[in-house]
Amino acid sequence: MIYLTRRYRFSASHRLHRDALSEEENARLYGKCNSPYGHGHNYVLEVTLAGPVDPATGMLCDLSQLDATVDREVIQRFDHTHLNLDVENFRSRVPTTENLCVEIFRLLETKVPGGDGVRLERVRLEETSSNYFEYEGEHAGALSRRRV
Amino acid sequence: MIYVTRKAEFSASHYYHNPSLSPEENRRMFGKCNNPHGHGHNYTLEVTVAGEIDPATGMVLDLKDLKRILEAEVIQLMDHKFLNKEVPAFASKIPTTENIAIEIWNLLAPKLTVGRLHRIRLYETPDLFVDYYGD
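One line per chain: the protein sequences are Z and S, in this order.
Numbering (our numbering) for the first sequence: 42 to 189.
Numbering (our numbering) for the second sequence: 10 to 144.
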């Protein structure tokens, strides 16, 4: 079993706000992230696949296929957008980096390239260089138990 | 249990080619990595050893020993080499980052006398790395 991680980047804006709450409650809960026009981040995305090395290629999967999948499913969908306004999935869900991380996992989970036994292990999303979020699906991946 | 990670760097060239496939199939499968003259990377290796802290020293292992083992087993073997042609393990195995990480595990695991090899992390570029835990 080998774990392969590839890093990608995209830039987007968002506003943390829930319609169900009052203006005061939103301001208290989300602070400056509630600013009405939104604000942006340069997100750094790490996608980790796990599986066996294919003896014919020496590789876990074809990286150009992984790049194409991530570009199609994630980068084209989110890069240079306002997540609240431009992305359907966030019309009714707050585009926190937690929710974005889970959404990216779901977008990629069934589409990652590779042969038998290759699976999406983890999505790690950095909002800034000081905070990041990780999601391994509901099964809580093996990697989190081994990670140091 | 505590985990100690030591980093090392080496530069090497490689190309991807499976001799049981035709030239066309190799080009299709490996793209520009199939160029027989090879191409290079600056690899960054992270070796993580798991162990208990020795109360006498406050350390899991002497990092100088780990550095010496890394130098002797990996850096001497791979640094500034054409991996396909100069490293015996890759005469019959494609030197992908996946296979290099596994080979480094196999070289280091038997040489560690203190602690237990936990993970090999090998960066081919800052945006691509593989992890191997020995199974």
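Any given hint could be a false lead.
As the list claims (entries may be wrong) - Label pairs and their in silico Cβ distance ranges:
id: 1; chain 1: Z; residue 1: ASP120; chain 2: S; residue 2: ARG77; range: 44 to 54 Å
id: 2; chain 1: S; residue 1: GLU82; chain 2: Z; residue 2: ASP127; range: 46 to 56 Å
id: 3; chain 1: Z; residue 1: ASP120; chain 2: S; residue 2: ALA59; range: 46 to 56 Å
id: 4; chain 1: S; residue 1: GLY49; chain 2: Z; residue 2: ASN172; range: 48 to 58 Å
What the hints assert, rightly or not - Away from chain S, derived, C-beta distances all over 12 Å, residues of chain Z:
id: 5; residue: ILE43
id: 6; residue: THR46
id: 7; residue: TYR49
id: 8; residue: ASN67
id: 9; residue: ASN75
id: 10; residue: ASN83
id: 11; residue: THR89
id: 12; residue: SER105
id: 13; residue: THR110
id: 14; residue: HIS121
id: 15; residue: VAL128
id: 16; residue: ARG147
id: 17; residue: LYS152
id: 18; residue: VAL153
To be verified - Only some residues are given here: those of chain Z computed to face chain S with a beta carbon under 10 Å:
id: 19; residue: MET42
id: 20; residue: LEU45
id: 21; residue: PHE51
id: 22; residue: GLU65
id: 23; residue: ARG69
id: 24; residue: LEU104
id: 25; residue: GLU114
id: 26; residue: ARG118
Honestly, the hints are just simulated from the structure, not real lab data.
The C-beta atom is built at its ideal place from N, Cα and C for all residues, glycine as well.
ARG69/Z as an interface hint toward chain S, with CB separation required under 10 Å: violated (39 Å)
Exclusion check [THR89/Z not at the chain S interface, CB over 12 Å]: It is violated; THR89/Z is separated from chain S by about 8 Å at its closest Cβ, not greater than 12 Å.
Least C-beta distance between VAL128/Z and chain S, which was stated to exceed 12 Å: holds (24 Å)
CB-CB spacing for ALA59/S and ASP120/Z relative to the 46 to 56 Å hint: At roughly 39 Å between Cβ atoms, ALA59/S and ASP120/Z fall outside 46 to 56 Å, so the hint is violated.
ILE43/Z remote from chain S - nearest C-beta pair above 12 Å: violated (5 Å)
ASP120/Z versus ARG77/S beta-carbon gap, inside 44 to 54 Å or not: holds (46 Å)
Restraint check, 10 Å cut-off on beta carbons, for LEU104/Z near chain S: holds (7 Å)
When the least beta-carbon distance from ARG118/Z to chain S is tested against 10 Å, hint result: Interface hint status for ARG118/Z: violated (20 Å vs cutoff 10 Å).
Check on HIS121/Z being off the interface with chain S, judged by Cβ distance over 12 Å: holds (20 Å)
Assertion that ASN83/Z lies farther than 12 Å from chain S (Cβ): holds (14 Å)
Per-residue hint verdict: PHE51/Z, partner chain S, C-beta under 10 Å: violated (14 Å)
Proposed interface contact between LEU45/Z and chain S, which counts if any beta carbon pair is under 10 Å: It holds, given that the least Cβ distance between LEU45/Z and chain S is near 5 Å, below 10 Å.
In the structure shown, a violation is registered for the earlier hints numbered 3, 4, 5, 6, 7, 11, 12, 21, 22, 23, 25, 26, in ascending order.
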